[in-house]
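Novice: Could you build all of it, start to finish, from the sequences and the hints given here?
Chains as they are written, first to last, in the numbering used here: chain P, 1 to 255; chain V, 1 to 410.
These aren't lab readings, by the way, just hints derived from the structure by calculation. One or more of the hints may lead you astray.
Mimicking DSS-like on lysine-lysine, the simulated pairs with C-alpha atoms at most 30 Å apart in a straight line are [as the list claims (entries may be wrong)]:
#, chain 1, residue 1, chain 2, residue 2
1, P, Lys243, P, Lys224
2, V, Lys355, P, Lys58
3, V, Lys407, P, Lys142
4, V, Lys371, P, Lys72
5, P, Lys79, V, Lys407
6, V, Lys9, V, Lys118
7, V, Lys299, V, Lys407
8, P, Lys79, V, Lys371
9, V, Lys100, V, Lys155
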Amino acid sequence: MTLLEVRDLRVEVAGIPIIGGLDLGFDTGKAYAILGPNGSGKSTLAKTIMGLPEYVVKGGDIQFEGESILNKSITERAKMGIAYAFQTPPAIPGIRLEDFICKICPDYACKGEDDMFMTNGCVCKDTLYDDFERLGIANLAKRDLNDGFSGGELKRSELFQVLSMRPKIMFLDEPDSGLDYDSLKIVGRELKAIRDEGRTTMVIISHHRYILEFLEIDKLFILKSGRLVYTGDMSDIPVLEEKGYEKFLEGVLPA
Amino acid sequence: MTSDNERKKRAKEALNKPARYGSDLDLEEFEYPESDIAELESLDEISSTEKQLLESVGIDPEQNRAAGAFIQLDNEAFLADVMIKQEGLEIMPLSQARQKYDWVENYLWNAVPVDTDKFTARSELEVYEGYFIRALPGVKITAPVQSCLLLKKSKSVQNVHNLIIAEEGSEMHIITGCAAPSSVERSLHLGISEFYIKRNAKLSFTMVHNWSEKTLIRPRSAAIVDENGIFVSNYVILSPLRSIQTFPRVRLVGLYAKTELNSVVNGVGESEYDIGGAVSLEARRATGKVVSRSIATDKAHIIARGDLVGLNEDTKARLECDGLLLSSQASIRAIPMLDARVEGAELSHEATVGKVGAEQLNYLMSRGLGKEEATSLIVSGFMKLEVPDLPPILQRSIEEAIELSLKGGM
Ligand SMILES: Nc1ncnc2c1ncn2[C@@H]1O[C@H](COP(=O)(O)OP(=O)(O)OP(=O)(O)O)[C@@H](O)[C@H]1O
Ligand SMILES: [Mg+2]
Numbered sequence: 001m002t003l004l005e006v007r008d009l010r011v012e013v014a015g016i017p018i019i020g021g022l023d024l025g026f027d028t029g030k031a032y033a034i035l036g037p038n039g040s041g042k043s044t045l046a047k048t049i050m051g052l053p054e055y056v057v058k059g060g061d062i063q064f065e066g067e068s069i070l071n072k073s074i075t076e077r078a079k080m081g082i083a084y085a086f087q088t089p090p091a092i093p094g095i096r097l098e099d100f101i102c103k104i105c106p107d108y109a110c111k112g113e114d115d116m117f118m119t120n121g122c123v124c125k126d127t128l129y130d131d132f133e134r135l136g137i138a139n140l141a142k143r144d145l146n147d148g149f150s151g152g153e154l155k156r157s158e159l160f161q162v163l164s165m166r167p168k169i170m171f172l173d174e175p176d177s178g179l180d181y182d183s184l185k186i187v188g189r190e191l192k193a194i195r196d197e198g199r200t201t202m203v204i205i206s207h208h209r210y211i212l213e214f215l216e217i218d219k220l221f222i223l224k225s226g227r228l229v230y231t232g233d234m235s236d237i238p239v240l241e242e243k244g245y246e247k248f249l250e251g252v253l254p255a
Numbered sequence: 001m002t003s004d005n006e007r008k009k010r011a012k013e014a015l016n017k018p019a020r021y022g023s024d025l026d027l028e029e030f031e032y033p034e035s036d037i038a039e040l041e042s043l044d045e046i047s048s049t050e051k052q053l054l055e056s057v058g059i060d061p062e063q064n065r066a067a068g069a070f071i072q073l074d075n076e077a078f079l080a081d082v083m084i085k086q087e088g089l090e091i092m093p094l095s096q097a098r099q100k101y102d103w104v105e106n107y108l109w110n111a112v113p114v115d116t117d118k119f120t121a122r123s124e125l126e127v128y129e130g131y132f133i134r135a136l137p138g139v140k141i142t143a144p145v146q147s148c149l150l151l152k153k154s155k156s157v158q159n160v161h162n163l164i165i166a167e168e169g170s171e172m173h174i175i176t177g178c179a180a181p182s183s184v185e186r187s188l189h190l191g192i193s194e195f196y197i198k199r200n201a202k203l204s205f206t207m208v209h210n211w212s213e214k215t216l217i218r219p220r221s222a223a224i225v226d227e228n229g230i231f232v233s234n235y236v237i238l239s240p241l242r243s244i245q246t247f248p249r250v251r252l253v254g255l256y257a258k259t260e261l262n263s264v265v266n267g268v269g270e271s272e273y274d275i276g277g278a279v280s281l282e283a284r285r286a287t288g289k290v291v292s293r294s295i296a297t298d299k300a301h302i303i304a305r306g307d308l309v310g311l312n313e314d315t316k317a318r319l320e321c322d323g324l325l326l327s328s329q330a331s332i333r334a335i336p337m338l339d340a341r342v343e344g345a346e347l348s349h350e351a352t353v354g355k356v357g358a359e360q361l362n363y364l365m366s367r368g369l370g371k372e373e374a375t376s377l378i379v380s381g382f383m384k385l386e387v388p389d390l391p392p393i394l395q396r397s398i399e400e401a402i403e404l405s406l407k408g409g410m
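Specialist: Encoded structure:
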């Protein structure tokens, strides 16, 4: 069943057209890769779906569970089950990562005296800390959100937050960039477990093969200059890595 | 005493000297205290509304976690109390200390020059009272010492002069709350505070204010820090007031002397705040930090100043001035000043003033938070102040006071 569908989507940023007529569909429980050269519009697509206001939809539609979400706010989209792990998240001083995770996760959530603040007396479920350990970022629990996190730490913190939201579909923007070998394995295992559960649709924007192959993604899309230029699967990845986008696309596109 | 005459003479000459910053005030429009202060025997003589005011600034007169307490009502009455088991701590009204110790005269108007401006001058020439708090040499007082000044009379001046001395090798943490009930009409709090931090001593001074809409506040504070001494000041203003102008100055006169001046302002109503701090790096290896966080809502106007003066080589100081504007009718101006007079004085600053960032807001919303919720989370995070040199109990009471005021104000 199609969970999220993008139809003839056209997007402008600061008055400049970035995505020009894009059609894509994502089915429930499947794993997708979005590939393409730098600046091809991958992050733009994900952010537009999330509803970030700089990304202005000039035409077409985005439908989630059969309903257009163009008029929905970011919050509403998040609550419907759409999540986006940022490529470069901003730092929010004064908010601890552990408190924030508790706030956004329905399972971890504990009620403070009011919903506004995590109070000192509010303790999250122990499983939260197990999850921090498993992701190898227990050191970040009491640190301020994204404040001074290393590149690899940012990626795992983003992943943890997005997973905590228990979304129906998640767009992971380069979850594997800047990770060391061990962290890469951790992230791979984490995503694999979710894929095996089969409830969450995964859309992974990436420049590396490891995670995509480890997850055995169902489908891959290649974007170029804001357009879909190729739809394929796992078997394309080695060829793609060998040839690079330019040569690969020369071979498959009609001249 | 000749020094006394000399001082009075200098004060008289400065009676018309305007303050360097802040709006001018006509000092003739207020009544001044006339008689000497009376001593209260016990807490029972303090009314329950007064006790509530004390609590609003984080002071609980009934609790026994404190090492000692000093409470002053206008210029009329005071209560000074040291826990019996707390040795090496002295708390008394300044007038008593002057009778008890000859040397107190040498400390008065030493850190704060009497002719600084018309406010210091006038203060000297009127009847004044305040607290004298002293930690004896080598004494480490870990429980906070509480002091509180209540301003209750309308159209009058609370003329306070405080003297705080941390003797060699001592440690002391003072939490002081100043408050005025909302019924007070246009009164002036004139507060002179002089801090002396001797060799190897550590003093933290945390102020939480709860003034009323019509109070005018003109504190004049200064500290002198000797070798290896540490002075930490936390100045927290969370309630509306008419206007406040303060610019404490810390002189680091001994090798390795260190200071940290933090201020947190929740600007509300039509209040005017002109808050700053100056650090004068006079000895080698002296280090200082001035941190200012302010938010402005309603029609509040905030000026946040910071002044670092490097007078000796091998010194280092930093200024951080951040303002968050939450209303289009409010304003925040950050005015950092760096003045290195010698080579080897390393002064730096960072100042940001702006609205809640759209990027941060969108980010939090993408995690399912509503716009208001995301905004208040950013604001409360912004106002969170972590002071490494503060006992946890004081850190918590600052946090609680700030959170309470944010919830009430938004
Ligand atoms: N906020 C913005 N302001 C101006 N230009 C933007 C903005 N966001 C994206 N763009 C531009 O849109 C184009 C597509 O950017 P996008 O970030 O979507 O690329 P990408 O495919 O994610 O690239 P990468 O692989 O490098 O992350 C780029 O040319 C980029 O400079
Ligand atoms: Mg990108």
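Novice: Each hint needs a verdict: does it hold in this structure or not?
Specialist: Status of each hint after checking the structure:
no.: 1; hint: Lys243/P with Lys224/P; verdict: holds (16 Å)
no.: 2; hint: Lys355/V with Lys58/P; verdict: holds (28 Å)
no.: 3; hint: Lys407/V with Lys142/P; verdict: holds (23 Å)
no.: 4; hint: Lys371/V with Lys72/P; verdict: holds (13 Å)
no.: 5; hint: Lys79/P with Lys407/V; verdict: holds (25 Å)
no.: 6; hint: Lys9/V with Lys118/V; verdict: holds (13 Å)
no.: 7; hint: Lys299/V with Lys407/V; verdict: holds (18 Å)
no.: 8; hint: Lys79/P with Lys371/V; verdict: holds (13 Å)
no.: 9; hint: Lys100/V with Lys155/V; verdict: violated (33 Å)
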